[in-house]
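Chemist: These two chains come separately, so use the hints to put the complex back together.
Next come the chains, spelled out residue by residue.
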Amino acid sequence: MIPIYKNPRFWVPIISNAFLISLLSVFNTQLSPWNLYLFIPGVFPLFLAFNRPGASGLVGCILSGFLLDALFPVPMGLFATLFAAVHATSLVFAKRLHRENIVQFVSIAFILNLVCWGAVTLFTASSTVWNAQFFAQFFVNLFISQIVITPVAWWYFEFQAACLRLAFGIRIFEEDLT
Amino acid sequence: MLWKQLEPYRPFLILGAFVLGWLVIQGLARTLVRDLFYEIQAPAWTVSSYIDDLQNSLAVSATDKRALAEQVRDLKRLNGAYILKAQHADALAAEIERLEGILDIPEEPGFRAETARVTRRDMNQWWHRITVRKGARDGIRNGAPVIFMDGIVGRVVDVHAFTSEVELVTSPRFRMAANFDGDPRPVTYEGRGGLSFFTPQGTVLNVPSDIFVSDEQTIRLVSSELGGVFPSGLTIGTISRLTLGTDGVFKTGPVQMSKNLLSVEEVTILIRLSDSELQEAPRL
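So the sequence lines, in the order shown, correspond to chains A and B.
Position 36 of the first sequence, counted from 1, bears residue number 36 in the working numbering, the numbering being contiguous throughout.
Position 29 of the second sequence, counted from 1, bears residue number 29 in the working numbering, the numbering being contiguous throughout.
Chain B with its partners taken away, still in its complex shape (with noise of 0.2 Å):
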């Protein structure tokens, strides 16, 4: 009887339950599908990333008893140096307590550090992609920064149950908020990607124009807290040459990153603690 009376109206009730759908369902079904066939093929790459480490300990094992004793003298060397260095980092973190405390300054965020092999790097001109074997199970989330020895690798934008993918710093959609060492002025970075058989680049945008570099006075860029994700401080990569933009009022210049980044193995995520974490955990 209703459908009947509804007869007139029948084709924007169809049109109506057809955008409905497409917003709810399609939507749905995209998420379920890309994370159903993710899932099923991760483990491919969990168990090449065991191999090869697996193949490192067997190459470990097989070398000879004077050069593993070498390795570990130079190992003791460098660790008695990191103890110093981390008592003077004890010292200058309960110097900013204190500072803080007197400033009423607001305490920066805390991190917990996850630290994760890479299992899969995808460097092409599209993106600049790794996936680590640290997932939603140890409690990695979407936008957490990864950052390695030579400063920052990128930020995590896909979380799965075993594993997450990580934009590299590289890559052309990556675009984040950054400082030059000792200058507080913000500027702008981007990935580029980069030329095959060459190190990756990125672009410093916004750059103001008093400030000059050459190849004999190279200067670092570091992340900034202003972006919201990465703690300040941390190196991007090193400018040697800027240039004025078509605006004729900021500079703009090809940023020089580490080339580990194309063979990065091992990287640590940080992980943003929530104010009751902050109170137990130390701060990194």
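The shape of chain A in the complex, shown without the other chains (with noise of 0.2 Å):
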């Protein structure tokens, strides 16, 4: 049995969702002048956990959560143990996701993503700085992020099957779940 850090299957869709942060923070930098944020990190851990029920997909959904916890001022291991805790989540409904279904894909997103917005508000924002302020642009961007988060979920699966499919020549679906 060899290592899951030497199955290159396994890098695919950690070193893609490297890729979708510099992304987004490429985006990001552009809407500042506005002061306008997307924020959208509920679509990371949902291919490795909807695709590798074992541990690599559960190692493979905390080192994302690393790529983000140093990208960002929170308290270190906040989205690897919510990605994690997105694994685990996956197993126990195992037998009610159909990894086809892309609509049961985007609305788990779309539902992650809001628990990812509240964390993060839980963990780095002071209650002092919770005034009407603060909860206008928070549901500003919220809103723009949730929007935004539709397309680019089914866009992003998509791309991360592809990329394994061009890698390697296999289609996704028809994996070893072991």
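Read the hints as simulated data drawn from the structure, not as lab findings.
Backbone N, C-alpha and C define an ideal beta-carbon position, used for all residues, glycine too.
Some hints here could point you the wrong way.
[To be verified] Derived coverage of chain B by chain A (criterion: at least 3 residues anywhere in the stretch with Cβ under 8 Å from a Cβ of chain A; other residues may be distant):
#, stretch
1, 26–38
2, 72–84
[Said to hold, decoys possible] Have a look at the derived ranges for each label pair, beta carbon to beta carbon:
#, chain 1, residue 1, chain 2, residue 2, range
3, B, G27, A, R96, 52 to 62 Å
4, B, G228, A, N7, 48 to 58 Å
5, A, F139, B, L20, 37 to 47 Å
6, A, R96, B, Q5, 33 to 43 Å
7, A, R96, B, L15, 38 to 48 Å
8, B, F162, A, P75, 23 to 33 Å
9, A, P8, B, R117, 31 to 41 Å
10, A, T81, B, H88, 51 to 61 Å
[Claimed, not checked] To give an idea of the interface, some chain A residues facing chain B are shown, with a C-beta separation under 10 Å as derived from the structure:
#, residue
11, A18
12, A80
13, A84
14, L114
15, F135
16, F138
Modeler: Below, the structure is given as structure tokens:
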């Protein structure tokens, strides 16, 4: 049995997550003159959670979480823990989840994004800054992010699947789940 | 043998080892993991920043010669004005030094200026941060003040090998000592974030009640040396409204910040000089 880090397929979703994080950073830099912010961490763990139910998926989720933890001034391990929890939850609901069902995938990304917004607000913003101005900006940015996450999640799932297919010539849905 | 003797205390030993491990290893691991994952991603923003620079230079090279000649003419005029100002500043610095000698006042701290390009801007309700293309390798230190053409940008909060993170003056996590232009009494400044599509704001607290402002008579809020980070006299923002606080003694009011803060592309990081460096370098 080869270690998971030696399996190149294990790295594809993580590298694509790093790519999307960089892309969003560039996009947010362009949006900053309008004081707008796109924050969609809900899309990062889903491909791994849906398609890699074993240890490799869990490690991938944690590594993707660490990428975000390093980038933002949040308590270290916040996203890693959240993404690991998403992976664990996906195992519980494995029988109800259909990997081909893109609507289900996008809906979960939508809900998970809301959870991430709540977690970041609870763990980073002190209650002294929870004023009307804070919540006004919070809801504008949340509204834009939730609108954007729908097409992005759909595209991103297809993108990651296509990356795996092109790199290794496999269809992800036929992969061995062990 | 010893282990058997310690058997009754085993739960306590395990607990002690766990606490020790948590305090030492966890802190170390956290720092290492954060640094590692940050440095892995940093080249991506640096590359995108260089691509931006390339786009700008291509745009300049595409500009027609007449427009370029006009720009050069304007820059020459500006250069002339700045040479005069630099001479005046030199004369003032010499005068300050002379007065410091006469009055035996301790010397003001000197700074070295390091110009850096902005690679990433993160402006949201939780934090206002920028990443700049200079890091520990260029001598940047944690807590260093950062300025730009309109005044204060913020302070360095995280230094990495080739990049640094700067907390902006508008960030809800930012707080500093300040005073009004021409009034030495200290006040407190706090960042307040801002509304989407609007210029970010700050708040000034603990303002003496004998200070009055209006839309016609605005007042400039400047940095104070009391905080020990910023040199005095740098612009933070302007105030056009003050209201008496709930304590009935001090006033508070919103601070209008520069709109350019949201699209800042180049900043200057001030690095405090050590005593030996101070003797050699010209004072800023």
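Chemist: State for each hint whether it applies.
Modeler: Consistency of the hints with the structure:
1. 26–38: With 7 residues closer than 8 Å to chain A, the stretch 26–38 of chain B meets the three-residue bar; holds.
2. 72–84: violated (count 0)
3. G27/B <-> R96/A: 52 to 62 Å: 40 Å, violated
4. G228/B <-> N7/A: 48 to 58 Å: 52 Å, holds
5. F139/A <-> L20/B: 37 to 47 Å: 45 Å, holds
6. R96/A <-> Q5/B: 33 to 43 Å: Cβ of R96/A to Cβ of Q5/B: about 55 Å, so the range 33 to 43 Å is violated.
7. R96/A <-> L15/B: 38 to 48 Å: 41 Å, holds
8. F162/B <-> P75/A: 23 to 33 Å: 25 Å, holds
9. P8/A <-> R117/B: 31 to 41 Å: This hint holds: roughly 35 Å between Cβ atoms.
10. T81/A <-> H88/B: 51 to 61 Å: 58 Å, holds
11. A18: Check passed: Cβ of A18/A comes within 6 Å of chain B, closer than 10 Å.
12. A80: Hint holds; A80/A Cβ to chain B Cβ min 9 Å, cut 10 Å.
13. A84: Cβ of A84/A sits 14 Å from chain B, so the hint is violated.
14. L114: 15 Å, violated
15. F135: With a closest approach of 8 Å, the F135/A hint holds.
16. F138: 5 Å, holds
Checked against the numbered hints above, the structure breaks hints 2, 3, 6, 13, 14 and satisfies the rest.
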